[in-house]
Amino acid sequence: MRLSSFLGLAQTVAIAALGALALPAYETNELVARDGQKYVFAHFIVGIVASYTQDDWTADMKLAQSIGIDGFALNIGKDGYNDQQLGYAYDAAAALNFSVFISFDFHYWTNDDVAAIAQNLTAYSAKPAQFKVGEAAFVSSFVGDGYDWGSTATQAGIQLYACPNWQSGSFAGASGVSCGFSWNAWASENNSPIDQNITTDGDNAYISALGSMPYMMPISPWFNTHYGPAPSYDKNWIFYSDWQWNLRWQQALQLAPQFLEILTWNDFGESHYIGPLHPDNTDVYAGGATGAVQWVTGMPHDAWRDVAAPYIKAFKAGAQSPTVDTEELVFYYRPSPKDAPCSDSVPQPTGYDDDDDSVFVIAMTTSDGTVVITSGSNAPVSIPVSAGITTVSAPMATGTQTFELLHGTTSAMKGSGDLQVSSDCTVYNFNAFVGSVTASS
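Residues -22 to -1, 1 to 419 (mature numbering (1 follows the signal peptide of the UniProt record, and there is no 0)) make up the sequence shown, in order.
Honestly, the hints are just simulated from the structure, not real lab data.
Source: prediction; values computed, not measured.
Every residue gets a Cβ at the ideal spot worked out from N, C-alpha and C, and that includes glycine.
Keep in mind that the hints are not guaranteed to be accurate.
The calculated lysine-lysine pairs, modelled on DSS-like cross-linking and capped at a C-alpha distance of 27 Å, are [said to hold, decoys possible]:
| no. | residue 1 | residue 2 |
| --- | --- | --- |
| 1 | 294 | 16 |
| 2 | 40 | 294 |
| 3 | 56 | 213 |
| 4 | 294 | 110 |
| 5 | 316 | 294 |
| 6 | 40 | 110 |
| 7 | 16 | 213 |
| 8 | 291 | 110 |
| 9 | 316 | 213 |
| 10 | 105 | 56 |
| 11 | 392 | 294 |
| 12 | 40 | 105 |
| 13 | 294 | 105 |
| 14 | 16 | 110 |
| 15 | 291 | 40 |
Derived DEER-like restraints, expressed as beta-carbon distance ranges [unchecked claim]:
| no. | residue 1 | residue 2 | range |
| --- | --- | --- | --- |
| 16 | 106 | 386 | 50 to 60 Å |
| 17 | 234 | 168 | 23 to 33 Å |
| 18 | 315 | 396 | 32 to 42 Å |
| 19 | 124 | 59 | 22 to 32 Å |
| 20 | 94 | 360 | 54 to 64 Å |
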């Protein structure tokens, strides 16, 4: 029921042409919110980039900027290298006319840390790359329910535009809060997996709780984490995400909040990154040999950015659907069937059985066509698609995964994924391998 009902939705997406969007020019990279102006950010985990140079920051920011992302939300704990990395980030952003703001991670900060948080905001809010709403420095958080942002602004001696993530979703009596940010970007119930596609029910509840305050909506492509049972690690679950990336962008266009935050740019530990892999910076794969390196190595997600780009353009234009300018097939699949007997000391993640043993294609087409998916030894599966952005799938089989787009009987593009699906595995890896096929490839 879940699969067939979503296929009906995905294959009837109507695409409207977007008119040219004239955006105001900015003399500096301070972005000033205006009525109706919308912004897209990506959540960036600073705590895993101790070895980053400013060139690393610049490279990531250029990639983000190229698809329309306005800035990074810089998630920080209490690491000793925060000042160095925040300095690199703010300087790199200023040189690119990109924006950044701090997002305090309350797994490390507490509601009693007002003085230290204020000190950070005083130090960085005056820098050219700081994202501002009017004259107020934008700041966010991961959890931190009830934190006193009003007192923080007073101690920092600056205006703040606080947009925290409060798990309760209750902002009654909140001090100094200007908007609210939800982290509920996946289908779950009390942070436990459920077998369904994500809906907008959680967004609507958050919007209702905020009243007249703006909403920052979370949008994410995937969720898989597989840390073992050692004392420091107790994270081994997935949230159902098979159809999520395209569906969630459609929901963002439907709800049209003022702010979107992509979760995430680089949280490799939870497999919801859209930024590039950094194999030379081994600290980014949290947990060392028993951590994310096991399910991230060789598993790029870069092509998911290609899907985001037309949606970001549509979101900022206030459109209800994206326009496809360049045809592309963005495919994704897991490296093994879900019941493959991997030689892994850690069991399959909670929620694994909800996943479909399928391979998926997000077809971005300028005219009607047919997507042909050949998974391993399975017979080719042909699926008609309308012009626009459509998600389709076919049953998974081990072996090479091949994808083709036909217009009539003419092949517009064809290619295969570099990763073969195999039942011979050492890790229960429910991360997604993402790639693309274009006419030039």
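Which earlier hints turn out false for this structure, listed by number in ascending order?
5, 7, 11, 18
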